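Student: Below, each chain spelled out in residue letters.
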Amino acid sequence: MRWVALLRKELYCYFGTPVVYVVGGAFLALSGYRCYTELNQFVTFGFGLNILENFWAAYFAELASYLLWAVPLITMRLFAEERKLGTIELLLTLPLKDGEVIAAKFLSAVVVFGAILGCTASYPLIIYAFQPFDLEPMVARYLGLGLLTTASLACGMFISSLTDNHLVAAAATLVALVLLWLLTWNEAAIASSAVMILAQLSTFTHYEMFTRGVIDIRDAVYFAFFVSFFLLLTKRMLEARRWKGKQ
Amino acid sequence: MIAVCGISKSFGPTQAVREVSFSVEQGEVVGLLGPNGSGKTTLMRILTGFFPPSAGSATVCGFDVQGDSLAVRQLIGYLPENVILYPDLSVERFLRFCASARGIEKSRRRACLEEVLETCGLREVRGRLIGKLSKGYRQRVGLAQAILHSPRVLILDEPTVGLDPRQVIEMRELIRTLAGSTTILLSTHILPEVSATCGRVIVLDRGRVIAQDTAENLSRRLEGMDRTLVRVRGERKEVLAALGALSGVERVEEKGSAEPGGVAAEIYSREGESVRAALASMTVSRGWQLLEMRPLSLSLEELFVKLVSDGGEEELSRGEGCAR
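First to last, the sequence lines map onto chains Z and S.
Read in the working numbering, the first sequence has 216 at position 216, and its numbers run on one by one without any break.
Read in the working numbering, the second sequence has 98 at position 98, and its numbers run on one by one without any break.
The hints are simulated quantities; they were obtained by calculation from the structure and are not laboratory data.
All figures in this text were calculated on a predicted structure; none of them were measured in a lab.
No false leads were mixed into what you were given.
With a straight-line Cα cutoff of 30 Å, these simulated DSBU-like cross-link-like pairs (lysine-lysine) come out:
#1 LYS97/Z x LYS244/Z
#2 LYS84/Z x LYS244/Z
#3 LYS306/S x LYS255/S
#4 LYS135/S x LYS84/Z
#5 LYS132/S x LYS84/Z
#6 LYS106/S x LYS97/Z
#7 LYS255/S x LYS237/S
#8 LYS84/Z x LYS235/Z
#9 LYS132/S x LYS106/S
Start from the sequences and build out the full structure, keeping to the hints where you can.
Tutor: Spelled out as structure tokens, the structure:
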């Protein structure tokens, strides 16, 4: 269980620097504000038959869009920083397998987002205190959000392993996630069939059913594939850079 | 302990290391000597499993650096060239991370940590962030992580660069105390460094081994002659003539005038002849004053010029026999 040491070190690096607090603070401030105003709007104008359910679907779709900027800011340092500092030499000469290094780094980012998303759970709990609602769909929504976040993190970590520059990693991850997100916009539905097929590959498409409180096993499987694919790519990237002798 | 067999490494079109072979026995301290860009760091990175060689093979304690990379990495302690460590971690936290990542049992971690903090003189900075430490301290932290798990093989890439003179002496002493129980391979481009710490030198130039021997043998073999620098106060012509007439002296070269009324000269004498005793009594009997007399050895620059110009090719063609 040596990789646990690396996980602990990664977490210490995350929580020992301001990045996590800034990103987490911004995420909670935005989501808190939108939760309140959006709820007000739904209650005032009474959209649909089940106002609260419709509100949650809209609110979780919005939460997902915050991942677009939050994920790149967290994943950008994972490998890019090690390369930039040169500490990658130390890391890769420790008796740890590449897979263990990747697992530890990935899990540390997942834990960071677990903490941030965990804090957002206080909003539904507060609402529940005033107006009880069905909790099962809420579990599905958080499961979906967790899967979407994990998938985005895997993609971000892979991009971070490509470069030794934080900003390049962050910018490229942002573009990749925004592109996936744009595919779920209505414009994709009326475009050519190629775009529609692409839209089916988007993580945000597969997240949509979760926001309505529905767990579809196909969506879950899709996320599992997406995450494994990018973890595997990251591993290949580490190996390739070893062979090329790049830092 | 370390056996390197025909290793080459190229980065795209550049060949950093070309067919290097050598071996290091248990408990030896061997210096890799060479100018910048001669392939020292590349060779060390291959041995530590940071990247694989393009051709050839190497084993550490019988484990292949490619096939058994994890086992090799477990046995080795490595101080990279630019010891840049995680700046956001404190010294103690960083070393604790290394201890657990290297699989030191929980019960022994505390003791190991205290021991290296003591050995490397890091007690007073244990709680400081690595990013805030001076270069000398960072180098010590780098060394501390390398010896933390009492490795059987220690690979040090330019261990004394950036240290102040006192720290250089401490580092050399530390290396000497570790020698014997630990096999040490260190790289440097400073010749005195090698003679101070290493039993044997491997000289690299443009990725090839051009010589390997003890430091003294190497300079003697190349020289074929002993050199002595003398400064004598006396009549210039007479002094030079008298020096040349001493038995065993082959050649006298004047080295500029040291001070008014003095002569500075370099004397080349046949190996083994004790010119110095004769020289001292000669100056006294003539009534001159002997101001300075010391044996000279080759500087690194001269050594390289020598090796590359004549010894190198011959050494290369002879190569180092290695069992395949």
